[in-house]
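Letter by letter, the chains look like this.
2 protein chains.
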Amino acid sequence: MSWREFDLIKEFCGIPLADPSVLVGPGDDCAVLDIGGTKIVITTDLIQEGTDFLSAEVLPYRIGWKAIMISASDIAAMGCRPTHFVVASVLPAEATSEFLNGLWSGLYEAAARVGASVVGGDLSKGSLLSLTSTGLGTPYGTNPILRSTARAGDRIFVTGPLGGSILGKHLDFTARTDLASLLASNDLATSMIDVSDGLSGDLPHIARASGLGFLVHADRIPVSDDASRLAARTGKTPIEHALHDGEDFELVFTVVESQAERLAVLSCEAGLECFEIGEMKPAEHGMVLRTPLGDRQWETRSYEH
Amino acid sequence: MSWREFDLIKEFCGIPLADPSVLVGPGDDCAVLDIGGTKIVITTDLIQEGTDFLSAEVLPYRIGWKAIMISASDIAAMGCRPTHFVVASVLPAEATSEFLNGLWSGLYEAAARVGASVVGGDLSKGSLLSLTSTGLGTPYGTNPILRSTARAGDRIFVTGPLGGSILGKHLDFTARTDLASLLASNDLATSMIDVSDGLSGDLPHIARASGLGFLVHADRIPVSDDASRLAARTGKTPIEHALHDGEDFELVFTVVESQAERLAVLSCEAGLECFEIGEMKPAEHGMVLRTPLGDRQWETRSYEH
Numbered sequence: 000m001s002w003r004e005f006d007l008i009k010e011f012c013g014i015p016l017a018d019p020s021v022l023v024g025p026g027d028d029c030a031v032l033d034i035g036g037t038k039i040v041i042t043t044d045l046i047q048e049g050t051d052f053l054s055a056e057v058l059p060y061r062i063g064w065k066a067i068m069i070s071a072s073d074i075a076a077m078g079c080r081p082t083h084f085v086v087a088s089v090l091p092a093e094a095t096s097e098f099l100n101g102l103w104s105g106l107y108e109a110a111a112r113v114g115a116s117v118v119g120g121d122l123s124k125g126s127l128l129s130l131t132s133t134g135l136g137t138p139y140g141t142n143p144i145l146r147s148t149a150r151a152g153d154r155i156f157v158t159g160p161l162g163g164s165i166l167g168k169h170l171d172f173t174a175r176t177d178l179a180s181l182l183a184s185n186d187l188a189t190s191m192i193d194v195s196d197g198l199s200g201d202l203p204h205i206a207r208a209s210g211l212g213f214l215v216h217a218d219r220i221p222v223s224d225d226a227s228r229l230a231a232r233t234g235k236t237p238i239e240h241a242l243h244d245g246e247d248f249e250l251v252f253t254v255v256e257s258q259a260e261r262l263a264v265l266s267c268e269a270g271l272e273c274f275e276i277g278e279m280k281p282a283e284h285g286m287v288l289r290t291p292l293g294d295r296q297w298e299t300r301s302y303e304h
Numbered sequence: 000m001s002w003r004e005f006d007l008i009k010e011f012c013g014i015p016l017a018d019p020s021v022l023v024g025p026g027d028d029c030a031v032l033d034i035g036g037t038k039i040v041i042t043t044d045l046i047q048e049g050t051d052f053l054s055a056e057v058l059p060y061r062i063g064w065k066a067i068m069i070s071a072s073d074i075a076a077m078g079c080r081p082t083h084f085v086v087a088s089v090l091p092a093e094a095t096s097e098f099l100n101g102l103w104s105g106l107y108e109a110a111a112r113v114g115a116s117v118v119g120g121d122l123s124k125g126s127l128l129s130l131t132s133t134g135l136g137t138p139y140g141t142n143p144i145l146r147s148t149a150r151a152g153d154r155i156f157v158t159g160p161l162g163g164s165i166l167g168k169h170l171d172f173t174a175r176t177d178l179a180s181l182l183a184s185n186d187l188a189t190s191m192i193d194v195s196d197g198l199s200g201d202l203p204h205i206a207r208a209s210g211l212g213f214l215v216h217a218d219r220i221p222v223s224d225d226a227s228r229l230a231a232r233t234g235k236t237p238i239e240h241a242l243h244d245g246e247d248f249e250l251v252f253t254v255v256e257s258q259a260e261r262l263a264v265l266s267c268e269a270g271l272e273c274f275e276i277g278e279m280k281p282a283e284h285g286m287v288l289r290t291p292l293g294d295r296q297w298e299t300r301s302y303e304h
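Chains E and W, in that order, give the protein sequences.
Residues in the first sequence are numbered from 0 upward in steps of one, following numbering that gives the first Met the number 0.
Residues in the second sequence are numbered from 0 upward in steps of one, following numbering that gives the first Met the number 0.
It is possible that some hints are incorrect.
[Said to hold, decoys possible] Computed footprint of chain E on chain W, listed as stretches where at least three residues anywhere in the stretch have a Cβ under 8 Å from a Cβ of chain E:
1) 19-26
2) 83-93
3) 112-121
4) 261-275
[To be verified] Cut-off 27 Å, straight-line C-alpha distance, at most; resulting in silico cross-link-like pairs (DSS-like, lysine-lysine):
5) W/K168 with E/K124
6) E/K38 with E/K124
7) E/K168 with W/K124
8) W/K124 with E/K124
9) E/K38 with W/K38
10) W/K38 with W/K124
Hints were generated in silico from the structure; no laboratory data involved.
We treat Cβ as the ideally placed atom computed from N, Cα and C, and that holds for glycine.
Okay, chain E solo, but in the shape it has when bound (with noise of 0.2 Å):
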């Protein structure tokens, strides 16, 4: 079966149930609850061997960490702040204690560098490693911030630079706790959602979810140093890489006109940097990338390992 086919049942799977507890359901980087007059988001992420890592080439710590990491970053792209982790883990047979140590201190140590506990878990043995990490978060705010909202003429950030994150940040990030946290708390971003898929991949997920188009500008999208490295691998550009790698686990958020020199002066208070790199659109703009060659229809390439 293909990926796109997976896409569908997870559409499929996001229709909207008529339960009143849920707020968001499938569909944003995490499901938004109401329980007991609390709000809480909630997210579910798994790796795996092969797939997202290879644990002969990884140390254990790594593996740990980032399948924290990931879950922390969709409750951060809500504006929210990490609270509570659970992991169930498939662990193959051979696994030695050193590695299950190390493992555990990866899930342990990530989880308390964005505030949060790991309270429980599952273990079963197979021939694969695997993580499945759910988190659960509480808005910095009033209200989580969904991808939904953005509006027209809306400035677009980034929190950092992009690309490249396979030589490494993949499996080395931290989620961008300190910008969800500076935004949420000051009603800063209209929308937000985290790099997981590409830049190219990502930003349409705001505009199809908020009805808009965008215009990008090429040029202003950060390119981090990894991305040149690996264009010199691969004979690609480094834009190239900043715009379709994915697992960069950067925010990408909108922020009104208005509100963007509020935004640098908090930020730059706070020694964090963000990226201005565009701007909202009426739908009938349609995804637009300018580069020094002219205007060019946004175009989405899946991120393969």
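Dock chain W against chain E, hints included.
The following block gives chain W in isolation, referenced to the frame of chain E:
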């Protein structure tokens, strides 16, 4: 690595964290969290091809159903109402649309059956089907019901006949939210657990967590028809199957002696059955099974498929 070592790791990881929002950490059926003043329980359970089901022999609907109900049973065992589930799946590339529709229907209908919603998930391709279900719940009563709060003299009850679940019930059970609701709403149970590893393995969890022993009357343990059918094949006795088979997903709970009659009245009114099988004793009494041939030390046998 042996299961014993897995258990040691589990215990190692159960070291309580200095997080005041974690009211109960690993070691009970669910963790208990305080999020914004709301008490929430969370559990995660992983089932996989080979260990927990054989997809060649089982309807996909039943696999999805089981994934949700295992977590729902953990939530019921806390005296809580399941509210929301997320499910992460590893799906084999050869899974047909029909198979996936069955799987998804099982997930969604099981959640609906216990009054909850599936609010999100994650999908990955892999060689072996696995499903990790994470469930949230809230107390039917004021507080969740723990394993650690039984008292000497409390009567021990189970909610239904035990044994032989491998003949079908392990894929086709409904979490005992009915009795969990009755017990918790009426503040009847002093402790509770669900029978996932078998009565012989699970009742000692209550005893140890509560610092107690117990006396169970073998002839009061309700034996399922499947336990008898299975015994005819295995050469074991039906009571052995009722004691040691796992995955019955009935509840075992304790009730203060003076409340036993109230339980009888309320459960009868509700058309629900409970079976009194013994009583909790001080720790020095040990864990004892009374049989027609005399008292025996309680024996825990691991459930093996």
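To see whether the hints hold, each was checked on the structure:
1. Closer than 8 Å: that is the beta-carbon criterion, and the region 19-26 of chain W has 4 residues meeting it against chain E, so the requirement of 3 holds.
2. Only residues whose beta carbon comes within less than 8 Å of a beta carbon in chain E count, and the region 83-93 of chain W has 9; three or more means the coverage holds.
3. With a cut-off of 8 Å between beta carbons, the region 112-121 of chain W has 6 residues touching chain E; three or more are needed, and the interface restraint holds.
4. Residue count for the region 261-275 of chain W with a Cβ under 8 Å from a Cβ of chain E: 0. That is fewer than the three needed, and the coverage hint is violated.
5. Restraint check: the Cα-Cα separation between W/K168 and E/K124 comes to about 23 Å, which is no more than 27 Å; the hinted pair holds.
6. Distance restraint check for E/K38 and E/K124: the Cα-Cα separation of roughly 35 Å exceeds the 27 Å cut-off, and the hinted pair is therefore not satisfied.
7. Under the criterion of a C-alpha separation no larger than 27 Å, the hint pairing E/K168 with W/K124 is consistent with the structure, at around 23 Å.
8. Taking the CA atoms of W/K124 and E/K124, the gap is near 18 Å; set against the 27 Å cutoff, the hint holds.
9. About 13 Å separates the Cα atoms of E/K38 and W/K38, which keeps this hinted pair within 27 Å; it holds.
10. With a C-alpha separation of about 35 Å, the suggested pairing of W/K38 with W/K124 is violated against the 27 Å cut-off.
Checked against the numbered hints given earlier, the structure breaks hints 4, 6, 10 and satisfies all the rest.
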